[in-house]
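Chemist: Residue strings, one per chain:
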Amino acid sequence: MTEEIIIAGFGGQGVLSMGKIIAYSGIMQDYEVCWMPSYGPEMRGGTANVTVIVSDKAISSPILHQFDTAIVLNQPSMDKFEAQVKPGGILIYDPNGITKPPTRKDIKVYKIDATEIAAKMGNVKIFNMIVLGAYLKVRPVVSLENVMKGLAKSIPARHHNLLPLNEEAIKIGGDNIIEVK
Amino acid sequence: MGELRLMKGNEVIAEAAIRAGVDGYFGYPITPQSEVMETLMIRKPWEETGMVVLQAESEVASINMVYGGASCGKKVMTSSSSPGYSLMQEGISYLAGAELPCVVVNVSRGGPGLGTIQPSQADYLQVTKGGGHGDYHVIALAPNSVQEMNDFVALAFDLAFKYRIPAVILSDGAIGQMMEKVELSDYVPRRTEEQIRKECGDWCTLGSNRHNVVTSLELDSTIMEERNVKLLKKYEEISKNEVRYEEYMTEDAEYLFVAFGSCSRICKKSIEMAREKGIKVGLFRPITLFPFPTQQLKALGQKMKGIMSVEMNAGQMVDDVRLAVECKVPVEFKGRNGGIIPSPDEVLEALEEKLVRK
Amino acid sequence: MTDQELKEIMKPENIVYKKSGLLRDNIMHYCPGCSHGVTHKLIAEVIEELGIKEQTIGISPVGCSVFAYNYIDVDWQEAAHGRAPALATAVKRLLPDKYVFTYQGDGDLASIGAAEILHACNRGENIVCIFVNNAIYGMTGGQMAPTTLVGMKTATTPYGRNVDRNGYPMKITELIAQLPGTCYVTRQSVETPAAVRKTKQAIKKAFLNQKEKKGTSFIEVVSTCNSGWKIDPIKANKWMQEHMFKFYPLGDMKDSVKDDPESYKQYIE
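Protein chains in written order, with our numbering: chain A, 276 to 456; chain B, 6 to 363; chain C, 36 to 304.
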């Protein structure tokens, strides 16, 4: 099993931390993991992306140009990464702010309206957890149990009171992902 | 089994330094390696092990603080990225001349000039062929994973003290910034002053009645030449004893990638892809860039139909590859510049185009 | 004088002056009349009198005093040009119980090493800095230094230092006295017995400050370079008194302790 993921959006959407949670969950499941961020000025408010690889074998290249799954959270990322999904792969996007939806027919496309759900739940900070839940629903590479363990590892102990809220967001994300045909 | 963590390469350098019993770190912020000092400052090792951590006024000051600390027989280090590493060249030459052990981490980025903050391997020549003035070498270790960022800190110090030589960990922005699973080393206590006197007392300046003097200066050319010869002998000794390399899928290989650091990881992926297409290609990865594994590459390389050096630069290691195989095998080059990491696909394409289809 | 008389004179009870035990027997490479020799002697005497020889580490510069390590019998590190304060910073921080001093000339300290000395003093490194200012580069053959007086002829200002072309002479000691990390900043000289005694007192005070962890102690020794100035030693002393002292007046600029960190908290409160 090897899952090569790109998560891309605006800085501040929690792209890097979502990747980190997947990576940590992978470790909890005894997988090899690699988390490779884009870095530089784009971190400070511009576009941000992170490549996450989870595998049961040693990971070769941390840099990829073809992905099993792309999680796309803004239009510039859609423009860049739709073409980089492997045939038969998955593209998950939040329609909020997307002006040109994906057009490829050789991949599976899913939609998760995480922006709206987060707004309804009254906490925009759980946006990325909703997206994560949606992703795990269609690609259960790691179990929810291990995700929760990974989450506990990747957020500071003083915020552990928020773990139940995050778990709820993950479940809601899973319930709300829609395949686009 | 040591403690398992998910960490960035840069963070691991800091953690490994604390655990290796390092006495002092002196640094200056520069992207993409600032997390090294940031992590140290968060960890506050001065409370835990007594390690000194200081943000210096420049890379020039940092490397000279390293010179001061190393002269005392202390385990001291700095880290920087390419432009900062350039600034340190004078100091590294002095450290080499005075035969001082230390560790310098270069999380390199693209140049020339201010260049880019994205990863690059364009410091290969600067690190392996000198960089500063005078005939000298440093030991150069090239990690290709976060785990090796951890492992090479202690290894670099061991080699530095064994040979009284600066050891450089030549990494790049990709390995510095990426997170992987890492098994951290166990803690090694910092050496006491007594232990340092026992190991280094005949040369180090801890205060003594011996009139120990650490200097690289010698105005008498006859004596200076003797010092040069002594250094050259040391480099020969290192070349004989300390070569490190990795071979990957070379048993049946007809073609060979030669790559270090990040590029070696890219090549492994290209090899997986190539083998699906029936192309028998393997990888030779120099782990020590100085000493370069010349003999080992010669032995392996001469069995190949063709070799391709894959680098994130304009072709710096490729000359060493050609020299190793004595130009008896076609040696091609695939590189990307400007902070771009070649994709596994384009590396494979280059192999097919330049060697397989020929 | 007969042999008997000579033996009488040489009896230990008749000794009125002797070379410091910390001064090694090598013949100094300094030119006759140079101020370095006397300054070295004073440092050696102070270290000997304080009984801290085996706890002292000296950092020598690049310049005429590059070989300072050959003359004073303590452990030494020879720094790259201008970087002595960086070395001293690391040594003192790694060995806080030792005594660390730097010895630099004007080119080394005030030109190429300006950043290192200012930052070490600003951090309040608990070290002693000796700054020998003879307003010229001696070792390289008498070129203009940052402290060269306006109108002074050197190998690179053959018609005299010109402000438009060469900028102003730098009063770096005054600059250093402004830095909160310093506890003691003084300017002395060694051309008369009285001056020598004062300078020795200053050096001793500086080492005691280090013992008491008061901050950086900085001693400028205004000096002659009769070779570089191209005049004989006696005239050089006179020239220094008449011209150098006018621009670089002697005396203490600061004698206290480094700033109290508490007093800096108000700015973000």
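Honestly, the hints are just simulated from the structure, not real lab data.
Even for Gly, the Cβ is constructed at its ideal location relative to N, Cα and C.
Where hints are given, some of them may not hold.
As the list claims (entries may be wrong) - Here are the in silico distance ranges between beta carbons for each label pair:
| id | chain 1 | residue 1 | chain 2 | residue 2 | range |
| --- | --- | --- | --- | --- | --- |
| 1 | C | I303 | A | D305 | 44 to 54 Å |
| 2 | A | N371 | B | D324 | 47 to 57 Å |
| 3 | C | D287 | B | K245 | 41 to 51 Å |
| 4 | B | G343 | A | H435 | 54 to 64 Å |
| 5 | B | C332 | A | N371 | 57 to 67 Å |
Claimed, not checked - From the structure, some residues in chain B lie toward chain C, with a derived Cβ separation under 10 Å:
| id | residue |
| --- | --- |
| 6 | G26 |
| 7 | G29 |
| 8 | S39 |
| 9 | E43 |
| 10 | M46 |
| 11 | I47 |
| 12 | G135 |
| 13 | Q200 |
| 14 | E204 |
Chemist: Hints broken by the structure, by number, lowest first?
Modeler: 3, 4, 6, 8, 9, 10, 11, 12, 13, 14
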